[in-house]
Amino acid sequence: MQQETVRAGTIETTYREAVKQAIRDAIKRDERVFLMGEDVGRYGGCYAVSKGLLAEFGPERIRDTPLSESGFTGAGIGAAMAGMRPIVEVMTVNFSLLALDQIMNTAATVRHMSGNQFGVPLVIRMATGAGKQLAAQHSHSLEGWYAHIPGIKVLAPATLEDARGMLWTALQDPDPVLIFENVMLYNMSGKLAADAGAVDIDKAAVRRPGSDISLVTYGGSLWKTLEAATALAVEGIEAEVVDLRSLRPLDDATIMASVAKTRRAVIVDEGWRSGSLAAEVGMRIVEQAFWSLDAPLGRVCSEEVPIPYPAHLENAAIPQADKVVAAAKAALGRK
Amino acid sequence: MTARADKPHLSREHMLDILKKMIRIRRFEDKCAELYTQEKIRGFLHLYDGEEAVAAGVIPVLDQRDHIVATYREHGHALVRGVPMTKVMAEMYGKQEGCSHGRGGSMHLFDRDYNFHGGNAIVGGGLPMAVGLALADHMRGGDHVIACFFGEGAVAEGEFHESMNLAALWGLPVLFVCENNLYAMGTALALSESETDIEHKAACYKIDAEAVDGMDVVAVEAAARRAVHAVRGSRKPYFLECRTYRLRAHSMFDAQLYREKSEIEAWRHREPIVRFQTWLQANHIIHPDDVPRIEADVDAEIADAVAFAEAGTWEPVGELTRFTYAESAGLAGQ
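Protein chains in written order, with our numbering: chain C, 1 to 335; chain A, 1 to 334.
Chain C on its own, in the form it takes in the complex:
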């Protein structure tokens, strides 16, 4: 159920607004849904996503929490087990490490440990990624770590459609779903169908068709990768850009279909290179499509350094379009 053909016209909106409307819509449609997290109410959300929702829905359903990531994430787990549909917001992925015990040891294990008697239909949203000069404790991209964990699903909405549509589908899922919103996307504006609604959360999407090389990416890096593809086109290289959308499970079929067509691939991932999601995607290509490949795989990841504060160093630390262009050319043997 990818975004259907636009019928009701389009609206100009932002990623932030799309996420907010998704939350509003879910709270209105399902009385079991509520939003809980630090500063989601009176403050309006650290990234202003939930601004105005407290006035609309009240403090029970837009629930400000103390700075107790483990406690309120665990409370979301318990409430989900009891039949509610909580949306837990964690300010940034770095803070989510304080809740990692609950996410990993409880949310991801309860169904299994209980022999399928209890599930945790919980959605956890959090901001991820660098680019706002927030330095080494607010800027990391750890969604690849979470994608390592069986028992949860991990989403990375990169487009307005996905920001608007993934939440509802995630709330229908009987298992925990983590949604990673790249901080650089919140201000992104564009057109969205006025009747935009739920989208699937298990398929990758080809955002730009091409025949010469597959550029596989997700989240905030999608737009840099598309920029790179445009630059490559100027030089006569047609890159296909695959947006993973779901980091767990990975949609192997879409990746392999693209690689079978282009015979080359570069993976772009804002996580650190070592042990990265890019490594996982690359290895899957090697396992499943090795004989289709005409060149070694390439990767553009973050440099192996905590994210620094100065803008020039921060920019140098994470994937940028020029690095993607260079990696793509290298895979094609072009200079």
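Note that these hints are calculated values from the structure, not bench results. Ideal Cβ positions, reconstructed from N, Cα and C, are used throughout, including at glycine. The reader is advised that the hints may include incorrect statements.
[What the hints assert, rightly or not] One side of the interface only, derived from the structure: several residues of chain A facing chain C at Cβ under 10 angstroms: (1) G82; (2) L166; (3) R322; (4) A326.
Model the placement of chain A on the given structure of chain C, informed by the hints.
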């Protein structure tokens, strides 16, 4: 006579019932220890020997509709709650007839039919879950009590403090039951807490609290009645510290280097079953043949449970990756 919900009743029938509950736990676990040496049960096995009065005193006071969150030392809680001994024993074996389909083992007993939410083996990790179960009840205007058991070791965890604060801040019906057995594995309370009077920790969260002799099942039950009555009536949390002692090792791998044998012996004189039995006999509440009869009944039940577990089946390896995600959307639709 009208029984008040917050007062214990001391009828012979009731006394025999709680005595049997404790004997049932003790003998079940004695059998488990034996089966462990025979390698029928593997992994970690944490016995409740000496602490039976807590589960037997608290859990029967709860209603069937109430919820329980327990720890990895939870065989007693599951049995008192009513999870069939056959299913518990099969779980100890890892057979698919077990109460967690064999996937959990000793530390992860679950049973939806009894609102028994584990079996949580991260110390302190169950407390936020209890807060969440209570939050759901609060938001739906329910009247359930969520009883959350944990050891005094959990009190050092951040999750304890976060959970106490959230429950008090939001006015949630959680009964926090601290089973203070004086040792977090091998670390004595005085070596892990600046304030060793655990009951006092509740005060900084404005949670009403009571400490009780956890080796005295009548006292525990009386305190539990007050506590459950308070939670159900006020819809606010309550903290009950049960002062108890673990007479056996922490797990089957523990050489108990951290405590003196004389200390264990001193506590053995206060152990809850013999103490209660002696009191019942001295007060002529039970007859001389009551205990042998209870023991015979329990032994027969244990024999059945062992036979059930032995006859149980191993889940096919082909099903290894099941229960990681829901197999149909309806499963979590509760």
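A quick look at each hint next to the structure:
1. A cut of 10 angstroms between beta carbons decides the hint on G82(A): the least distance to chain C is about 15 angstroms, and the hint is violated.
2. The restraint placing L166(A) at the interface with chain C holds, with a minimum CB-CB distance near 5 angstroms, inside the 10 angstroms limit.
3. Against a cut-off of 10 angstroms between C-beta atoms, the interface hint on R322(A) holds, since the closest Cβ of chain C lies about 7 angstroms away.
4. Restraint check, A326(A) versus chain C: the minimum CB separation of about 4 angstroms is within 10 angstroms; hint holds.
The structure fails to meet hint 1 from the earlier list, while all remaining hints are met.
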